[in-house]
Structures are given as structure tokens and as C-alpha cells.
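S.K.: Work out the full structure, taking the sequences as your base and the hints as a guide.
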Amino acid sequence: MTLSLKGIIPPVITPLINNRELDTKGLTQLIRHLIDGGVHGLFVLGTTGEGPGLGYKIRKELIKRVCDQVDHQIPVLVGVTDTSFENTLSIAEYAREQGADAAVIAPPYYFPISDGEMMGYIEHLSDALPLPFVMYNMPSHTKMHLSLSVIERCRELGALGIKDSSGDAAYCYSLIDKFKDYPEFSVITGTELYLPETVLYGGHGAVAGGANIFPRLFVALYDAAVNHDLDTINTLREHLIKIENTIYNVDQNPSRYIKSIKCAVSVLGICNDYVVHPHRKFTGLQRQQIEIAVKTLLDEIKITVRPCNL
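Residues in the sequence shown are numbered consecutively from 57, following this note's numbering.
It is possible that some hints are incorrect.
[Claimed, not checked] Only pairs whose alpha carbons sit at most 20 Å apart, straight line, appear in this in silico PhoX-like list of lysine-lysine: (1) LYS298 / LYS351; (2) LYS120 / LYS81; (3) LYS298 / LYS62; (4) LYS62 / LYS236; (5) LYS113 / LYS62; (6) LYS116 / LYS81.
[Stated by the list, open to error] Cβ-Cβ distance ranges computed for the label pairs, FRET-style: (7) LEU341 / PRO239: 45 to 55 Å; (8) ILE91 / LYS298: 17 to 27 Å; (9) LEU213 / THR352: 43 to 53 Å; (10) LEU213 / LYS298: 21 to 31 Å; (11) LYS113 / GLU300: 15 to 25 Å; (12) HIS197 / ALA225: 11 to 21 Å; (13) GLU153 / THR352: 39 to 49 Å; (14) TYR165 / ASN301: 23 to 33 Å; (15) SER146 / GLY214: 12 to 22 Å; (16) ASP171 / LYS81: 42 to 52 Å; (17) GLU208 / ASP355: 42 to 52 Å; (18) ILE297 / LEU213: 17 to 27 Å; (19) THR291 / TYR257: 12 to 22 Å.
Just so you know, these hints were derived from the structure itself, not from any lab.
Just so it is clear, CB atoms sit at the ideal spot from N, CA and C, and this is done for glycine as well.
M.R.: Next up, the structure:
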């Protein structure tokens, strides 16, 4: 299958009422917000989407609702990695049945894994996967930093590209260099501050969590990078730095990134900000700080947000 992966592909947050119930109205509003914002694809059940913390029933409901609403307007990528090989295939098959475009594969988490074992895993998995697949390098969560040799083998087995969330700029550049002669293989950063450099150097875009909040900002930054518009890049990057400082870092809790994005989207009136156990949403001072930051940024970057009421 030919599937062009490029641009801004938000790792979609999962709107929830509680651990067992989707905020379905909020999800509909969120997907509309993202598509209206001009994003180039959606990645559901990733880290920002709290995928590993969700039960299988709610994962399936999320996949079905997103695919039904998107209706092939833009690609839908689904995180399917599980500790179990069989469960990975099961959720991938369900995603295919609902109309998803690709599966996203990370190393199975919990057990440490070697390069050779990872290659063997992908060799067996790629034979059985019912969807095209994209690799996901997330060493902070999986105990494994995918080597260039592993990624090369994945490409040979049909991988469409890689999302690199290592935060290692040198590694991202090495991926771009390694696969520059394979234009059908996409290198996409998961570190949104690296978006301009990734594209300028020959990469293909970003899976940017902040695009859940301000999709048009990230699309504009991607367009500026594609056009080598350095003045616009410098202006828009200031907004990304402000997002980092005033939204993502309202406290030092390791779970702050997911919680802050959900809180910010809820401030916009799009969806609920409940987060999966064992995490807890921001309240009090942290929420107040994010409210101020979101309103200030909305004014500064002149983004028009569809008014929504929960």
C-alpha cells in the first residue's frame, strides 16, 4: 500500500469521562477541531493518547468512532503494540476492519529486548499484520532505543516510516541521512521543538502533542519549514517555547505532559480532561496557570477556535 506520511500528525488525546467511558461528545469535537485545523493525519492510542492504560473495550470504541468520523479524509494511524504478540495482532485486525490506514509498532514493553530479538519480532509480526505499519521509537517507555540496523530491517519488511520520540536530535538526523534514498520511508519527529530542523534537514513532519491544542500553529510551522521561510519559523518557534514553558511545565510531575495537554484542550471547551489511572488531572493552581497560558497564546497566535460547550 502507498501511504504518504508527512506533515502534522497529532498524537490524539483520548477524551474520557472515567477509566471505562469515553467522552464521546468531546471526542467528536476534538476530531473536528483537528481536521478543521488542517492536520495531515491522526495517531490514536499512542503515549499521549494513554493507549497502554486503556482497556481493550474502550480502545476498540475509540478506534471505531475516530475512523467513522474521519471517513478517510486523512490517514488514521493506530498504536497497537501490546506486551502480548497475539493482542497486538488482534487490535491491529480490529483497526483494519474499522478503516484505519496503518498500525504503529513500538518494541513490546516490560521485558528488555535485544536488537536481534526485535528484528525477529518484526519479521514474524510483519508477516501477520493486516495493515501497513510505522515504527515508533520511544526508549523512555519501552527500554529499547531502536538502532539504525533494526530500522533498516523494518524498512525492508515494509515499514512506511518511523516516529522518533527519543529526543535525540543527532539520532533523528542520522535516520534522515540513512534513508534519504528512500523517499517513500518517512522520518517523523515526536519532539515538536525539533519540527523545523527535521523538515529542513529532509525529514517529513512531526507527531506533535501540542497540535491537540493549537493545530493551526503546528501546520503553519510545518509549512514554513517546507518553504524554508526562516523568518516565519523563528516567529512561530517562540510560541512553541512558550507552550513548553507555560503549559507543559506547570509542575515537575513525570506525567505532566499528558495532563497539561488534556487540561489545555479542556480549557478550550473541547473535551473532558480526565486522565487514566494512576494519574490525576490538574486542578487548582496548575489549572489556573494553564487557563491563563492558553488564553494568552490564543491571542498571540491569532488562532480561531470553534466554540464548544461540554
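S.K.: For a C-alpha distance cap of 20 Å, please report whether LYS113 and LYS62 respect it.
M.R.: violated (30 Å)
S.K.: Does the Cβ-Cβ separation between GLU208 and ASP355 fall within 42 to 52 Å?
M.R.: Between GLU208 and ASP355, where Cβ atoms are some 46 Å apart, the hint holds.
S.K.: Taking only the CA atoms, is the gap from LYS298 to LYS62 under or equal to 20 Å?
M.R.: violated (25 Å)
S.K.: Does the alpha-carbon distance linking LYS298 and LYS351 stay inside the 20 Å limit?
M.R.: Roughly 12 Å between the alpha carbons, so the hint for LYS298 and LYS351 holds.
S.K.: If you check the beta carbons of LYS113 and GLU300, does the distance land in 15 to 25 Å?
M.R.: Because 35 Å falls outside the window, the suggested range is violated.
S.K.: Could one say that the CB atoms of HIS197 and ALA225 fall in the range 11 to 21 Å?
M.R.: Cβ of HIS197 to Cβ of ALA225: about 19 Å, so the range 11 to 21 Å holds.
S.K.: Between LYS62 and LYS236, is the straight-line Cα distance small enough, at 20 Å or below?
M.R.: Cα-Cα ~15 Å, so holds.
S.K.: Do the alpha carbons of LYS116 and LYS81 lie within 20 Å of each other, as the hint requires?
M.R.: holds (17 Å)
S.K.: Are ILE91 and LYS298 spaced within 17 to 27 Å by their CB atoms?
M.R.: holds (25 Å)
S.K.: Should the hint that LEU341 and PRO239 are 45 to 55 Å apart at their CB atoms be regarded as holding?
M.R.: Since LEU341 and PRO239 have Cβ atoms about 48 Å apart, the given range 45 to 55 Å holds.
S.K.: Is the distance from the Cβ of LEU213 to the Cβ of LYS298 consistent with 21 to 31 Å?
M.R.: About 41 Å separates the Cβ atoms of LEU213 and LYS298, which means 21 to 31 Å is violated.
S.K.: How does the Cβ-Cβ distance of GLU153 and THR352 compare with 39 to 49 Å: does it lie in that range?
M.R.: holds (44 Å)
Consistency note: the structure conflicts with the earlier hints numbered 3, 5, 10, 11, 18.
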